[in-house]
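So the protein lines, in turn, are chains Z and D. Going by the working numbering, the first residue of the first sequence is number 14, and it counts up by one from there. Going by the working numbering, the first residue of the second sequence is number 464, and it counts up by one from there.
These are computed hints drawn from the structure, not numbers from a lab.
As a list, the in silico DSBU-like pairs of lysine-lysine whose alpha-carbon atoms are at most 35 angstroms apart: (1) Lys146/Z <-> Lys546/D; (2) Lys131/Z <-> Lys540/D; (3) Lys87/Z <-> Lys596/D.
All of these numbers come straight from a predicted model, not from anything done at the bench.
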Amino acid sequence: MVEWSDAERSAIAAVWGKLNLDEVGPQALGRVLIVYPWTQRYFGTFGDLSNAAAILGNPKVANHGKVVLGALDKAVKNLDNIKGTYANLSQLHCEKLNVDPDNFRLLADCLTIVIATKFGAAFPPQVQATWQKLMAVVVAALTSRYF
Amino acid sequence: MVEWTDFERATIQDIFSKMDYESVGHNALARCLVVYPWTQRYFGNFGNLYNAAAIMGNPKVAAHGAVVLHGLDRAVKNMDNIKATYAELSVLHSEKLHVDPDNFRLLADCLTIVVASRLGTGFTADVQAAFQKFLAVVGSALTKQYH
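Let the hints inform the model, and build the full structure from the sequences given.
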């Protein structure tokens with residue numbers, strides 16, 4: 014089981030508490046689709062993804078970004094059982110959505126970058142390390158039902 | 464050969480022309496050592512790397528961070544021939560320093576986060592894509608002479 018120190022728990026709560034999920038979700042997903050264009054293959058029904066402006070202005074991308082960040086809330090509120098919390102989502106992504114699990118890491122990276130742009134100096138190395146640990150645990154949990 | 468759009472060239476020149484090499488280099492290398500602690504194995508003679516505060520305050524880390532960032536300058540000034548520009552550095556990192564090339568990506572990620580935190584909203588998705596492409600080309604060039 015993943016161990017979280019008190020400092021890590023407070024750091025995560027502090028970061029999460031300052032995030033506007035409705036803003037950050039769309040930005041993170043938008044960046045994934047722009048910076049790693051092959052990920053667009055999963056969103057064939059989303060309409061115009063032909064360039065950065067179209068992606069960032071696309072309402073389906075925005076909505077889906079909010080859905081994803083909303084789901085991340087479950088991990089933040091269940092730090093001691095992220096794997097159990099995401100068991101069903103993991104199965105969904107594998108068996109129904111057929112998402113290559115490498116893409117979870119790409120989204121985690123883009124989310125970390127969005128946080129860095131918003132927090133600036135308030136995202137020091139220790140906080141970054143804690144945040145990336147959370148991302149790694151979430152990615153592992155989402156991948157856990159693949160095999 | 465790597466093709467660069469006008470936007471990508473302008474973006475890279477712009478980011479580096481405004482960069483505080485000493486501060487950004489220090490910050491990026493320190494983050495690498497904090498977030499990916501196994502990288503400390505390459506810096507056995509740097510003294511105290513015991514915790515985040517020690518790493519951030521370590522003058523050898525600061526100095527070496529600046530060296531690495533200034534090394535990136537060569538790529539910035541020779542974007543059309545990054546591979547040849549880094550041929551010797553690649554041999555050095557492989558045969559003398561024995562650095563696992565995965566670590567180039569880790570340092571690139573930390574550098575991206577530092578630049579993101581400094582530029583804030585100016586680090587748009589398009590700018591992120593250009594910057595990550597640049598660092599990927601650099602990483603690839605540094606890995607070129609390994610085999």
